[in-house]
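Quick note: our numbering has the sequence shown finishing at residue 243, numbered continuously throughout.
Honestly, the hints are just simulated from the structure, not real lab data. Note that the coordinates shown come from a computational prediction; the quantities given were computed from them, not determined experimentally. Even for Gly, the Cβ is constructed at its ideal location relative to N, Cα and C. It is possible that some hints are incorrect.
[Claimed, not checked] Computed list of lysine-lysine pairs in PhoX-like fashion (alpha-carbon distance at most 25 Å, straight line):
{"hint": "1", "residue 1": "Lys100", "residue 2": "Lys203"}
{"hint": "2", "residue 1": "Lys125", "residue 2": "Lys144"}
{"hint": "3", "residue 1": "Lys149", "residue 2": "Lys219"}
{"hint": "4", "residue 1": "Lys203", "residue 2": "Lys144"}
{"hint": "5", "residue 1": "Lys132", "residue 2": "Lys219"}
{"hint": "6", "residue 1": "Lys100", "residue 2": "Lys149"}
{"hint": "7", "residue 1": "Lys149", "residue 2": "Lys203"}
{"hint": "8", "residue 1": "Lys100", "residue 2": "Lys132"}
{"hint": "9", "residue 1": "Lys128", "residue 2": "Lys144"}
{"hint": "10", "residue 1": "Lys170", "residue 2": "Lys203"}
{"hint": "11", "residue 1": "Lys125", "residue 2": "Lys203"}
{"hint": "12", "residue 1": "Lys125", "residue 2": "Lys100"}
{"hint": "13", "residue 1": "Lys219", "residue 2": "Lys125"}
[What the hints assert, rightly or not] Label-pair distances were calculated between CB atoms; the ranges are:
{"hint": "14", "residue 1": "Leu204", "residue 2": "Asp103", "range": "16 to 22 Å"}
{"hint": "15", "residue 1": "Gly117", "residue 2": "Val187", "range": "52 to 58 Å"}
{"hint": "16", "residue 1": "Gly99", "residue 2": "Lys149", "range": "45 to 51 Å"}
{"hint": "17", "residue 1": "Thr152", "residue 2": "Ala198", "range": "33 to 39 Å"}
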Amino acid sequence: MTRQGRRNLNVVMILVGVFCFMVGLTFAAVPLYRIFCEKTGYDGTPIRADAAGQRGKAIDRVVTVSFTGDVNSGMPWAFYPKQNKIEAKVGETYLAFFEAKNLSNKPITGTATFNVSPEPWGPYFVKIQCFCFTEQTLQPGESVEMPVTFYLDPALASDKLLNRMSDVTLSYTFFKAADQPAENGPAKVGAADAPKASVN
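Build the full structure now, drawing on both the sequences and the hints.
Have a look at this one:
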């Protein structure tokens, strides 16, 4: 091969390498962004904790934590919080439950997205365990309770934005897992199918 030919081959190999790198970066962007949000609380994303002990001492402040649940239009599930709200003391651990039911006649695997609002609460809303950390599979007609364990980080006391805020909402939306076909339109939820939310 001539010198010019080797140069051309090197240029082609470099371009192919750059192309492969860019494609890989595109596929990695979404999970990397989600990990970043979970670690920093950016964009209203609750922090994920590895252990219950990673917090300051509880403080004498109570926050009203509300819960909402929803499903994507192609997701044939009913999904609701089993409690509308909890009066949570900052720094203490709480357990909340959601209920999901597969309204279709076949197994469905779902994955949940989540956030808190208003956005300034994101860095201080810490989830220890959550059904949203992994995909969930329900058999036809199956109904299950899905728990989430959380606490509010006492460090929020030093955030001036939160001095006049006493309410925060934790929201979830379930989607079909990526490897499953979407349904034709939203699932129709009848009164008999929908789990009932209770008020604490």
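Verification of the hints:
1. Pair hint Lys100 plus Lys203 holds up; C-alpha atoms about 19 Å apart against a cutoff of 25 Å.
2. Between Lys125 and Lys144 the CA atoms are separated by roughly 13 Å; this keeps the pair inside 25 Å, and the hint holds.
3. Our distance criterion of 25 Å between C-alpha atoms is met by Lys149 and Lys219, whose separation comes to about 13 Å.
4. Our distance criterion of 25 Å between C-alpha atoms is broken by Lys203 and Lys144, whose separation comes to about 41 Å.
5. Taken as a hint, the Lys132 and Lys219 pair is broken in the structure, with Cα atoms around 35 Å apart against an allowance of 25 Å.
6. Only pairs whose Cα atoms come within 25 Å are accepted, and Lys100 paired with Lys149 is rejected, the gap being roughly 47 Å.
7. Annotation: proposed proximity of Lys149 to Lys203 is violated, straight-line Cα distance about 50 Å (limit 25 Å).
8. Restraint check: the Cα-Cα separation between Lys100 and Lys132 comes to about 11 Å, which is no more than 25 Å; the hinted pair holds.
9. Note on Lys128 and Lys144: the hinted pairing holds, with a Cα-Cα distance of about 21 Å set against a maximum of 25 Å.
10. About 23 Å separates the Cα atoms of Lys170 and Lys203, which keeps this hinted pair within 25 Å; it holds.
11. For the suggested pair Lys125 and Lys203, the alpha carbons sit about 32 Å apart, so the restraint of at most 25 Å is broken.
12. Pair hint Lys125 plus Lys100 does not hold up; C-alpha atoms about 29 Å apart against a cutoff of 25 Å.
13. For the proposed pair Lys219 and Lys125, the alpha carbon gap of about 22 Å is at most 25 Å, so the pair holds.
14. Here the CB-CB span from Leu204 to Asp103 is close to 20 Å, well matched to the stated 16 to 22 Å.
15. Look at Gly117 against Val187: about 20 Å separates their beta carbons, and that is not inside 52 to 58 Å.
16. For Gly99 paired with Lys149, a C-beta distance near 47 Å keeps the hint of 45 to 51 Å intact.
17. Checking the proposed 33 to 39 Å range against Thr152 and Ala198 shows it holds: the Cβ atoms sit about 36 Å from each other.
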